[in-house]
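Asks: Protein sequence lines, in the order shown, are assigned to chains L, B, A, U, E and F. Letter 76 of the first sequence, counting from 1, is numbered 76 in the numbering used here, and no numbers are missing. If you want the numbering used here, it's the 1-based position in the second sequence plus 87. If you want the numbering used here, it's the 1-based position in the third sequence plus 174. If you want the numbering used here, it's the 1-based position in the fourth sequence plus 261. If you want the numbering used here, it's the 1-based position in the fifth sequence plus 348. If you want the numbering used here, it's the 1-based position in the sixth sequence plus 435.
Hints are computed from structural coordinates only; laboratory data are not their basis. Any given hint might turn out to be false.
Quick partial rundown of chain E residues pointing at chain U, CB under 10 Å, derived from the structure [claimed, not checked]:
| hint | residue |
| --- | --- |
| 1 | I356 |
| 2 | A388 |
| 3 | R391 |
| 4 | R395 |
| 5 | S430 |
Some chain E residues close to chain U (C-beta under 8 Å, calculated; not the full set) [to be verified]:
| hint | residue |
| --- | --- |
| 6 | G358 |
| 7 | L374 |
| 8 | N400 |
| 9 | A407 |
| 10 | S427 |
C-beta: ideal position from N, C-alpha, C; glycine also.
6 protein chains.
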Amino acid sequence: MSEQTQLIPGNSLLTATPEEGRALALKIARLTIKITQPDAEVRERLRPDYANDASMLIAIGQTVAAEFSIIAAANNYWSWFSPSEKD
Amino acid sequence: MSEQTQLIPGNSLLTATPEEGRALALKIARLTIKITQPDAEVRERLRPDYANDASMLIAIGQTVAAEFSIIAAANNYWSWFSPSEKD
Amino acid sequence: MSEQTQLIPGNSLLTATPEEGRALALKIARLTIKITQPDAEVRERLRPDYANDASMLIAIGQTVAAEFSIIAAANNYWSWFSPSEKD
Amino acid sequence: MSEQTQLIPGNSLLTATPEEGRALALKIARLTIKITQPDAEVRERLRPDYANDASMLIAIGQTVAAEFSIIAAANNYWSWFSPSEKD
Amino acid sequence: MSEQTQLIPGNSLLTATPEEGRALALKIARLTIKITQPDAEVRERLRPDYANDASMLIAIGQTVAAEFSIIAAANNYWSWFSPSEKD
Amino acid sequence: MSEQTQLIPGNSLLTATPEEGRALALKIARLTIKITQPDAEVRERLRPDYANDASMLIAIGQTVAAEFSIIAAANNYWSWFSPSEKD
Chain L
1 MSEQTQLIPG NSLLTATPEE GRALALKIAR LTIKITQPDA EVRERLRPDY ANDASMLIAI
61 GQTVAAEFSI IAAANNYWSW FSPSEKD
Chain B
88 MSEQTQLIPG NSLLTATPEE GRALALKIAR LTIKITQPDA EVRERLRPDY ANDASMLIAI
148 GQTVAAEFSI IAAANNYWSW FSPSEKD
Chain A
175 MSEQTQLIPG NSLLTATPEE GRALALKIAR LTIKITQPDA EVRERLRPDY ANDASMLIAI
235 GQTVAAEFSI IAAANNYWSW FSPSEKD
Chain U
262 MSEQTQLIPG NSLLTATPEE GRALALKIAR LTIKITQPDA EVRERLRPDY ANDASMLIAI
322 GQTVAAEFSI IAAANNYWSW FSPSEKD
Chain E
349 MSEQTQLIPG NSLLTATPEE GRALALKIAR LTIKITQPDA EVRERLRPDY ANDASMLIAI
409 GQTVAAEFSI IAAANNYWSW FSPSEKD
Chain F
436 MSEQTQLIPG NSLLTATPEE GRALALKIAR LTIKITQPDA EVRERLRPDY ANDASMLIAI
496 GQTVAAEFSI IAAANNYWSW FSPSEKD
C-alpha cells in the first residue's frame, strides 16, 4: 500500500486484470475493518469468530462482492483484457 | 481454474452463456470463502451448518445474486446469445 | 427448464413480460438454494422454517429483488411492452 | 391487480409518478411474500411479529428500497414529471 | 410533505443539493416504516430499541444508503452543483 | 464539515481522489448514525459493542461499500486521476 493512503491501496480502483481487481476488493474490505477497529490485537482475536462461522463467512462474501462490483465497473469489466488461458 | 488465479477462475468475467455466468458467480463466491477460511477441513465441517439452515441458504442466495449481477453486466446480459431451446 | 441447465432456466435472462421476468427471478433464486442443498427432502423439511418466519420471508424478498434487478436490466425494463390492461 | 398477474401488478414497471412507483414497489414486495407463504391466515399471524420489531421494519425498508431502485430506473427516475407542488 | 403523497415527499426524487437529497433519503426510509407500522405510539416505543442498538443503527445506515443511491442517480449525482464552500 | 450541512460534508459527492472518496463514504455513514442517535454519549457507549464484534464490523463494511458505490459513480470512478505511485 502506498504510504499516503489508508483506505484505497495505490489510491486507484484500476487494475490490470479481474484477479487483481478481486484482490483489491478484499484489501479495501479489510482496510475498512482496520480503520473501524485499529487495534491489531483485537482484530486478531476476532479472526476465529468469523473464520469458523458459516454465517459470517457468507456476510464477508457479500461485502467483497459489493466492493468488487465498484471496482469491476471502474475497470469497465476488463473487457479489453484477454487472459492467455481460460479454464 | 487457471493456475495463476485464486479468486477469479480463468481471470475473466466473460462467459459464453447465462448458465456459465451463473456457475462462475457460484465459483467466485466459494473462492472468497476459501481465501477467508483456507482450511478445507474447517470449511467441510461448516457445510451442515449452512446447508441445513434456511436463513443461511437465503444469505448464500443473496451473495450469488450479487456476484451474478456483476458478471451479467460484464457480459452485457448475453443479449447476443440465442439459446437453442427455451422452457 | 431446459435439460442442459441447472441454474438459469432456458439459459436466457430475456422474457416477454415483467411478470415472466419476476417468475424467472423466483426460479433462479430457488435453483441457487437447490444447488447448495441438493437433497429435496432436506429442502422440504426447511420449508416451514422460512414460510412461518417473518424475518426469513423478508430476506427471501430481498433475494428475489436482487435477482429481478438483473433480469429487469437485461430486458431494458420491458420498455417496449404494453400490457393490454393495467390495474 | 390485473387478473392475469400474480407478481407484478398490471404487468408493467412504468408508473405516472414517483409516488405511484413507490406504491408499486411496496405491492411487489408484498406479492413476493404472498407467493412464498400463500396462506393468508399465516401471513396475518406474522404481522405483529414484524410490525412491532424494529429490526424487521428496517429489513422491510431495505427490501422496498431494492424494489424501488428497479422501478425508478425503469421510469428513468420520472425526470419528465413535474409535481404541481413541492414541500 | 405535500398532502397528496404518503411515500415520496413532494412526489419527486429531484433535489437542489446532495444534502437535500440525503435528507430526502432519510424521509423516504421513515415513510416506509410509517406505512408498515402506522401506529405512531408503537413507532415511538420502538425508538429506544434501535437508537441504542449498534446493529440496528448500522442496518438503518444501509437502508438510507440504498435510498440515497436511487436519489443520487436521479439527480445525476448533482454534477452541475457547486457548493460555495467545501470543508 | 461545512456548517450548513449535517449529512453530506461539503454538500458534494465529488472528491479529488479515490482515497478521499472512501473517506467521504465513511463520514457519510457516520453522519447517518449521528442523526439517528444524536446523543454523543450513547454513541460512545455503543462503540465497544461494534468494534469488538466481528459480525458488526462486517456489516459496517457493507454500509461503507454501499456509500462508496454512490461516490465512485459520482466521480466516474476517478478515471482521470493518475496516482503518482502505485503499490
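Asks: Against each hint, give a clear statement of whether it holds in the structure.
Replies: Each hint tested on the structure:
1. I356: holds (4 Å)
2. A388: violated (13 Å)
3. R391: Nearest chain U Cβ about 8 Å off; hint holds.
4. R395: At about 8 Å, which falls below the 10 Å cut-off, the nearest Cβ of chain U leaves the hint on R395 (chain E) intact, so it holds.
5. S430: Status violated, d = 21 Å.
6. G358: holds (4 Å)
7. L374: Status violated, d = 11 Å.
8. N400: violated (10 Å)
9. A407: With a minimum Cβ separation of about 5 Å from chain U (threshold 8 Å), the hint on A407 (chain E) holds.
10. S427: At about 14 Å, which exceeds the 8 Å cut-off, the nearest Cβ of chain U leaves the hint on S427 (chain E) violated.
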